[in-house]
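The task is simple: from the sequences and hints, build the whole structure.
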Amino acid sequence: MALYQYLCERKITGVLDLIPAYTSLTIVYDLAAMIKKNPGQSVYAIMESQLQEAARSVEIHTVMVSNKVTIPVCYDLSLAPDLSELAALHQLTIEEVIQLHTSPTYRVYMIGFLPGFAYMGSVAERIRTARKSSPRTKVPAGSVGIAGEQTGIYPLDSPGGWQLIGQTPLPLFDATRTDPCLLQPGDEVKFCSISLTEYHQLKKT
Amino acid sequence: MSIQVIKAGILDTVQDAGRYGYQQLGINPGGVMDRTAMRMANALVGNEAGAPVIEMHFPAAEMLFEETMLVALSGADFSPRINGEEMPVHKPVCVREGAILSFGKQIKGARTYLAVKGGWKADNWLHSYSTHLTVKAGGQAGRALGKTDRLFPQQLQPYGLLNKESIFEALPWQAAVSAFYQERSLRMIQGYEFDTLTPAAKEILFSSSFTISRESNRMGYRLQGPPLLTTQTTELISTAVTRGTLQLLPDGQLIVLMADHQTTGGYPRVGHLISADLASLAQKNAGEPFSVSVVSVQEAENILHRQEMDLQQLQNACNFRLAQYLLGV
Chain A
176 MALYQYLCER KITGVLDLIP AYTSLTIVYD LAAMIKKNPG QSVYAIMESQ LQEAARSVEI
236 HTVMVSNKVT IPVCYDLSLA PDLSELAALH QLTIEEVIQL HTSPTYRVYM IGFLPGFAYM
296 GSVAERIRTA RKSSPRTKVP AGSVGIAGEQ TGIYPLDSPG GWQLIGQTPL PLFDATRTDP
356 CLLQPGDEVK FCSISLTEYH QLKKT
Chain B
1200 MSIQVIKAGI LDTVQDAGRY GYQQLGINPG GVMDRTAMRM ANALVGNEAG APVIEMHFPA
1260 AEMLFEETML VALSGADFSP RINGEEMPVH KPVCVREGAI LSFGKQIKGA RTYLAVKGGW
1320 KADNWLHSYS THLTVKAGGQ AGRALGKTDR LFPQQLQPYG LLNKESIFEA LPWQAAVSAF
1380 YQERSLRMIQ GYEFDTLTPA AKEILFSSSF TISRESNRMG YRLQGPPLLT TQTTELISTA
1440 VTRGTLQLLP DGQLIVLMAD HQTTGGYPRV GHLISADLAS LAQKNAGEPF SVSVVSVQEA
1500 ENILHRQEMD LQQLQNACNF RLAQYLLGV
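The listed protein sequences correspond, in order, to chains A and B. Counting with my numbering, you get residues 176 to 380 for the letters of the first sequence. Counting with my numbering, you get residues 1200 to 1528 for the letters of the second sequence.
These are computed hints drawn from the structure, not numbers from a lab.
Dumping the calculated DSBU-like pairs for lysine-lysine here, alpha-carbon to alpha-carbon at most 30 Å:
{"id": "1", "chain 1": "A", "residue 1": "Lys-379", "chain 2": "A", "residue 2": "Lys-313"}
{"id": "2", "chain 1": "B", "residue 1": "Lys-1304", "chain 2": "B", "residue 2": "Lys-1346"}
{"id": "3", "chain 1": "A", "residue 1": "Lys-379", "chain 2": "B", "residue 2": "Lys-1335"}
{"id": "4", "chain 1": "A", "residue 1": "Lys-313", "chain 2": "B", "residue 2": "Lys-1335"}
{"id": "5", "chain 1": "B", "residue 1": "Lys-1346", "chain 2": "A", "residue 2": "Lys-313"}
{"id": "6", "chain 1": "A", "residue 1": "Lys-211", "chain 2": "B", "residue 2": "Lys-1290"}
{"id": "7", "chain 1": "B", "residue 1": "Lys-1335", "chain 2": "B", "residue 2": "Lys-1483"}
{"id": "8", "chain 1": "B", "residue 1": "Lys-1335", "chain 2": "A", "residue 2": "Lys-378"}
{"id": "9", "chain 1": "A", "residue 1": "Lys-211", "chain 2": "B", "residue 2": "Lys-1483"}
{"id": "10", "chain 1": "B", "residue 1": "Lys-1290", "chain 2": "B", "residue 2": "Lys-1304"}
{"id": "11", "chain 1": "B", "residue 1": "Lys-1483", "chain 2": "B", "residue 2": "Lys-1401"}
{"id": "12", "chain 1": "A", "residue 1": "Lys-307", "chain 2": "B", "residue 2": "Lys-1335"}
{"id": "13", "chain 1": "B", "residue 1": "Lys-1346", "chain 2": "B", "residue 2": "Lys-1290"}
{"id": "14", "chain 1": "B", "residue 1": "Lys-1335", "chain 2": "B", "residue 2": "Lys-1346"}
Simulated coverage check for chain A against chain B, where a stretch passes if three residues somewhere in it have a Cβ under 8 Å from a Cβ of chain B:
{"id": "15", "region": "183-197"}
{"id": "16", "region": "201-212"}
{"id": "17", "region": "215-222"}
{"id": "18", "region": "277-291"}
{"id": "19", "region": "355-364"}
C-beta: ideal position from N, C-alpha, C; glycine also.
Structure below.
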């Protein structure tokens, strides 16, 4: 993540995309343009040496910066189709599940699957739950889910197999905004529990 | 003035070279499936290589020219016709106002590209005109073209290319594109999990024929072939994937990721088809077979370099011919 932030600031010529994930950073570069600029040389080797150089500098200098985002979530059963079952499975009350889900500060490790779908971790051990054996054909946008030790929010209506325990009224993705996604890789996220009335009020604004 | 869709096709969208710089947010690049065809169609009408084009699948739309335009089709051959008369592909064609473009049958290829001089006007979302169907942004209101949609060229069309009587006229040169497409064999470099394939599976990968299945679309091509075994038994941690990535599904079959692929994935990456061969794959239809061979990263770069030089030469020649021609009229 530190290397990702370091490379974002430096903008290496020819790099089209930097995609961080849990344990990796993928660089997408414009091969054709780079070949043109470096005739007779291996572009892969050039990239490799630049990245090694960057990795060395990061160890010495970089301090990671991350945005802190609080996301309101309504855990009302009408918006949380899997909450009762998940609580029963772990022999917890619904309040305990909410308490366990809202306590930690999560890190956005990766965004993938859909535009703006943030994979966050780590979920408290007592509420870690495997994906549903058969995915739903439609999960509404804003649904908050758990998959193993990950938690995430569906930014758009989509099929999905995560255990749904609540909904946020905040739009995670909005194509009309200059920054269409609410969350960025590396962000620190905390959930706070809101009532159904607050959910509907926030949803209107 | 514009071109109007009078009958919708199965999936016709405005695309360009794609939307880069946002994959860290899960926003995939999209863009044309066949970049060579986009570049050729654009070069034929004197455009920048990445100007917005209309990508059409078969059956493709029927369109009415509401203005005389200089256009070109490249990529697949769907036997295009203007008012019922055969329209040549890989050639610049001037079409008169009032004429209708339609397509007869799918002769070769899977996607055809219609470029207009100056490029098509379209919605720009995150620095690209490509249609993103999932989030409904970019291109023509973020969706496929429908009946009564109108598309406008970004610039005035050249006048005086048509004789008084003709409905359309092809300019007297053609781009020789066949050398840019591989027929039966595509090349890959090894992926991160290549060595998790069993020795027998590696042998099968390079000696078998794979067929493109019906479940193939702009997101990816599913392949049908003998199942490949892997020693990778634990689930992988998700990482980024890219266009051309060959992923091994749990049932031993392969999938090649294409323009609208998801940005991350967790299946073993057996290999990556080389960039130079992706246009060839984009023009293959369900049921078509091909085989896979492996090259080194350096070879892949060299192949792309040669292809780029050839393409550039052809683009330059097209631009030169058109500039000369327009000066002459």
